[in-house]
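**Student:** Take a look at the letters that make up each chain.
6 protein chains.
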Amino acid sequence: MEPERPAGDDGTSILMEEMTFERYLERIRGGAVVILPCGAIEQHGPHLPMKADAFIATAIAERTARAHDALVAPSFNYGCKSQALSGGGQVFGGTTSLDSDTFTRVLRDVLRELMRHGATRMLVLNGHGENQFPTYEGVDLALRDAGRDDVKILVAGWWQFVSEERIREIYPGEFPGWDLEHAATTETSLMLALDPASVRHAHVLDERMDHVPPYAVFPQPPDLVPRSGVMSRATPASRELGEALLDTVRRGLDDLFRREFP
Amino acid sequence: MEPERPAGDDGTSILMEEMTFERYLERIRGGAVVILPCGAIEQHGPHLPMKADAFIATAIAERTARAHDALVAPSFNYGCKSQALSGGGQVFGGTTSLDSDTFTRVLRDVLRELMRHGATRMLVLNGHGENQFPTYEGVDLALRDAGRDDVKILVAGWWQFVSEERIREIYPGEFPGWDLEHAATTETSLMLALDPASVRHAHVLDERMDHVPPYAVFPQPPDLVPRSGVMSRATPASRELGEALLDTVRRGLDDLFRREFP
Amino acid sequence: MEPERPAGDDGTSILMEEMTFERYLERIRGGAVVILPCGAIEQHGPHLPMKADAFIATAIAERTARAHDALVAPSFNYGCKSQALSGGGQVFGGTTSLDSDTFTRVLRDVLRELMRHGATRMLVLNGHGENQFPTYEGVDLALRDAGRDDVKILVAGWWQFVSEERIREIYPGEFPGWDLEHAATTETSLMLALDPASVRHAHVLDERMDHVPPYAVFPQPPDLVPRSGVMSRATPASRELGEALLDTVRRGLDDLFRREFP
Amino acid sequence: MEPERPAGDDGTSILMEEMTFERYLERIRGGAVVILPCGAIEQHGPHLPMKADAFIATAIAERTARAHDALVAPSFNYGCKSQALSGGGQVFGGTTSLDSDTFTRVLRDVLRELMRHGATRMLVLNGHGENQFPTYEGVDLALRDAGRDDVKILVAGWWQFVSEERIREIYPGEFPGWDLEHAATTETSLMLALDPASVRHAHVLDERMDHVPPYAVFPQPPDLVPRSGVMSRATPASRELGEALLDTVRRGLDDLFRREFP
Amino acid sequence: MEPERPAGDDGTSILMEEMTFERYLERIRGGAVVILPCGAIEQHGPHLPMKADAFIATAIAERTARAHDALVAPSFNYGCKSQALSGGGQVFGGTTSLDSDTFTRVLRDVLRELMRHGATRMLVLNGHGENQFPTYEGVDLALRDAGRDDVKILVAGWWQFVSEERIREIYPGEFPGWDLEHAATTETSLMLALDPASVRHAHVLDERMDHVPPYAVFPQPPDLVPRSGVMSRATPASRELGEALLDTVRRGLDDLFRREFP
Amino acid sequence: MEPERPAGDDGTSILMEEMTFERYLERIRGGAVVILPCGAIEQHGPHLPMKADAFIATAIAERTARAHDALVAPSFNYGCKSQALSGGGQVFGGTTSLDSDTFTRVLRDVLRELMRHGATRMLVLNGHGENQFPTYEGVDLALRDAGRDDVKILVAGWWQFVSEERIREIYPGEFPGWDLEHAATTETSLMLALDPASVRHAHVLDERMDHVPPYAVFPQPPDLVPRSGVMSRATPASRELGEALLDTVRRGLDDLFRREFP
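Protein chains in written order, with our numbering: chain A, 1 to 262; chain B, 1 to 262; chain C, 1 to 262; chain D, 1 to 262; chain E, 1 to 262; chain F, 1 to 262.
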């Protein structure tokens, strides 16, 4: 015998895509916040799957939605172009990126639709640093095109909830900065906490860039970034650090919901 | 103890996003076909989740990849605008659509990246009728912009593998045509076969449109399409019909692989 | 001596371009429907001129305008890209197509202008299958950009008025479907009825495609479509069939005007 | 009995749209020049039809093609936005204009297709002043996008062949300049020579603008341009002046063909 | 000791960029006209700097602002593509041009922002002929996108204030027309009056084009325009002529302000 | 008597716009680096002029060009949209911003032209944080569209040359981070060093934001940022700090030239 209420429509569901449209609209009319996870498909070293950015954003979005009775919209699987010094750059095979304007248009269109449905409270949750600025532009265009100012749209990258003080407290050693943390200790730790089966343990490695120039070079020099795609140390990663990061992020999001979506 | 080879990199994996970039490139260099599932998030009546189009395309893509040692790229979760007489139209809340040009650009960008990686054999698998024409345009622009003619990119909607003869054989009653089959007998059957827990059984219903005009009307008249979002009969749906449809599609795809990607 | 009222301004005129702007505005203020014929310039086999799609759409538009006191706007001479299995594809010389987004923008701009003039009732009449989806998008963008919902814009391809039952009644033999009917029996019949001098009789021929794949292949394989550009049988064409088709379409359009533009 | 060679394929035909694609390609392979007439649909006073710009460009294109064994491609029926001081501006109903970028894209696309067909000699013939600059841009983009420099594309407005000296010789009275000549003596004369039945004689009138500012004002002041849409004197128009203008233009085009397309 | 009121905020300042935002807003609230100078960076023969068009537009803008208590916004340093017969064309190194649509978008965006600030009176002052039409489009899009008709935006090229009669009075010899006056007598005279140190005296030269075709040729023939980049006579240039031109332009702008911005 | 060599063409000149095109091309052929300063016109508190970002970028570009025999192209006066937490956001009057895609297109077009001139070594020097990501995209598009990989284009914001260690050494007090440093101590110090007359001394003030959310809010809450437009302390500013910053940046740029443009 099959269920009267499907997975998506029962009381505990958070995924917009699993719901019937009627159930979704009920939730929207009830003021539910819609969370849009934005990721990327990008090289993440020899030990992490290419989904890392999208997966982490989606996992945090789902945890947040469960905690705050929010909804999660289908994730943006493809992100903006990887830059050499934050994700290794577009010289890597596997990294699959959109033009900045393409990404911005997708976000504009989806937000416009959510507003048409009646949504007034939205949170764009980023897992890929290079999405950040194009995300701001997409939100601005959505609001301008729709002529709306009666809604609230928030944008955050998960790392923004981890203050510099906090990362110094929990990071094992000296923190190299978020940009060089690509496929390194923090992302590996998060994947160990969230999806340990996806981490290829024996391939976790440490890299050190001889020279991190304070500028960008195009076309990207072939030897600028280690061929492994890792840009700093990854071996200090641990499930515990992952959990500590998730906990910090959770507290930041709790605060966000309390202040912005009471 | 955790695995040496992660889920994405072991021999049986098919999901690009689960792989490390090195494993993915190995597969591409080995000539693996990349399948891109394109769906939509769209109202599917009171009994189906909004993911139906994306879910069906992805499920078929994964089965095909397993059968033919191909890869599945992350799916396109958002599709082109719903039209009144094929998906109920943009009057429905929940339906979340991209402008046609936005969709085309996303596909162009992703295909351009796959070609940069070295992929030469690609299949765009559609689950949402309104994506079809913009998909052709995206493929054309990707090839033109990249100046490539040494690759092969195929485009198919799953329903194209179900010939008119075949559907008459397996359909219980008179087939109303693919357009009016939205959230009706075939899609409900496929969901019963692929994800029965997502179907809200007690809400499966039959609709009959009094008048199906042989033209489109903009803005969409509010009473043109039944408010349920279903456009013809859904109660004849069954898991068996779903399996028969999947089997027919599978044979079509087997044939496609034999002819085009030997 | 020359006429006081020019061709375009006398009581029987239907062509917007032949009218003075004042006469046109008078007609618009009187509620006249504006019909926009959209065609293509495209190979149509060795026996039909490249104008066929534009010519048929325009001829039907003019007949309809005369019957219903409507206006005909200047036709769109260039259409969207030909697809292999509906018009032979972009491998043919002569076929002269716009990017999908270009076509959509032209339609958006022209409809926006008609609405500025005061037009509230419009009909886009298509003669080229590949224009259909981009036409829907153009209408949607025109309405959205202009912020208008007090107008009615209809979209139809002439073939949509010929039901499957009707085509079986009048078609001599087995109907191969509208897509393969390119430069074949129906279009040749229509040209025989509408402009017999343009048909190169001795070159009417029959083709049969060995394999019609249920998917599209890019770049288009050079031998997929017969080099003649004809995709099925054309020799059954006759002026009588052309007249029967025109009569069926006329009845469909009469019905459209009765229901939608009373 | 019907013709073996249709109108479009016989030896004297010049219209691309009337030809079969094979005949057209034969002509292109033989080096035929393709002429693209670009017009507009625009108010032309109380006495001229809105087609004037498109009609004049097309008529001259056809005469030129006959004289020089060239082809005429389907005309661009819609032109760029009318400016107050050259065509009366966008305040007039009836004037139906494209965004500048839309027009440029159409031209880019069509030229790209002609080059794909093998055309290497093209002439864009303008009948609407406001098309001029967007035409240059369209040609530039077509050449850049196609990466071609082995072709020759010429652009001309018909009035450019009428030197200031020549217009002073043939113009009855003082010439007010091409911009203010909208719907005035020269255009009315051309229509009298080319299509006298389209001219509403009793409504030909003279206007004089009190103030022609040496700058443009947006939004256009409602009283800047006479409400008739005529911007200077039209009553001096005559068939003879029209013939003299056509003869002057013909000689300019003869010269163009001799120098550029020998 | 440093000033209490900075350069930009004292009573005599005219440059928007030198002001604090508060002082600027005060001026805008007081109804100040904002002048936007649009130039180009383009070859100007062997004797003039590439800034000529931007410099002249800016200098005139500043003089006008001083006379009429207006503001000058930062200039547009890059202009639209040079055409062969007005600026020598894109075959010259040094000439640095934007696509027409890029220029139009910049102007649209900047005007939209000025309107957001509260500006209702604006003057776009052009120094580069090829900017003229794209400027009209930019103004039109800004007004349309912002849905504003309560503002007044004027567009003028400085040469439009020099009537044909006036140029014949002051020009030493026969005036070759504004298009061929590139880097010739008038521009050289203006630079002698405005910035004599930038003129390379010994290199001022006279050119005469053997053939000035009444049409444009793409790609531009390499020998169409003199290699010096000068297109007619420059040696008649003098500071006195420059002053006479500036005086004529000044009177035209005085008239503009009196009529349009009282 | 006037100069034989104008300002722009003598040996010490660095401004592209002051040169004749021939002198510029000589310099390019000699391998000169072209520096493109990108700024913004944006509120900078009650004490700084709106030009600050553009002025600082240009001043540093000119100093660098003099030190390394490079050229400075005309600056980009308008930048990308201000964000609340880096420049106060788009709620401020005076701030005059381009859409992200507009900025990217301008940069793409200008770089494409420089490459056409023969330039192979370019440096984009940013003075406005929000330009950074759109600059990367513009460079990427320029290289892709031009199909070039034989050039080197660098991108840097001046603040990237001031390491965290260095800023802690020279900053008087605790450094609040570059984002909140808008119109605050560092920018005020730079303006004191570069253009002291533009600083309104009596209005330099300190602000402290009660809450700096780790996320962005759209539409921007009216009370998020102090109404002064200053976002942290400005009173510690001094000419000496400005000089120390300039010296640090100079050393970074010296290093850049040594490594990248030897």
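These aren't lab readings, by the way, just hints derived from the structure by calculation.
In this text, a Cβ means the ideal position worked out from N, Cα and C, and glycines have one as well.
Hints should not be assumed to be uniformly reliable.
[Said to hold, decoys possible] Quick look at which bits of chain C chain D covers, simulated, 3 or more residues with Cβ under 8 Å:
1) 21 to 31
2) 44 to 56
3) 71 to 77
4) 116 to 128
5) 139 to 151
**Student:** Just to make sure I understand the rule, a stretch counts as covered if three or more of its residues have a C-beta closer than 8 Å to a C-beta of the chain. Does the segment 44 to 56 of chain C meet that for chain D?
**Tutor:** holds (count 10)
**Student:** Quick check: do three or more residues in the segment 139 to 151 of chain C have a beta carbon closer than 8 Å to a beta carbon of chain D?
**Tutor:** Coverage by chain D is violated here, the residue count being 0 at a Cβ distance below 8 Å.
**Student:** Please check whether the segment 21 to 31 of chain C has three or more residues whose CB lies within less than 8 Å of a CB on chain D.
**Tutor:** holds (count 5)
**Student:** Please check whether the segment 116 to 128 of chain C has three or more residues whose CB lies within less than 8 Å of a CB on chain D.
**Tutor:** holds (count 3)
**Student:** Count the residues of the segment 71 to 77 of chain C whose Cβ falls closer than 8 Å to any Cβ of chain D, and tell me whether that reaches three.
**Tutor:** holds (count 5)
This entry does not satisfy hint 5, going by the numbered hints stated previously; all others are met.
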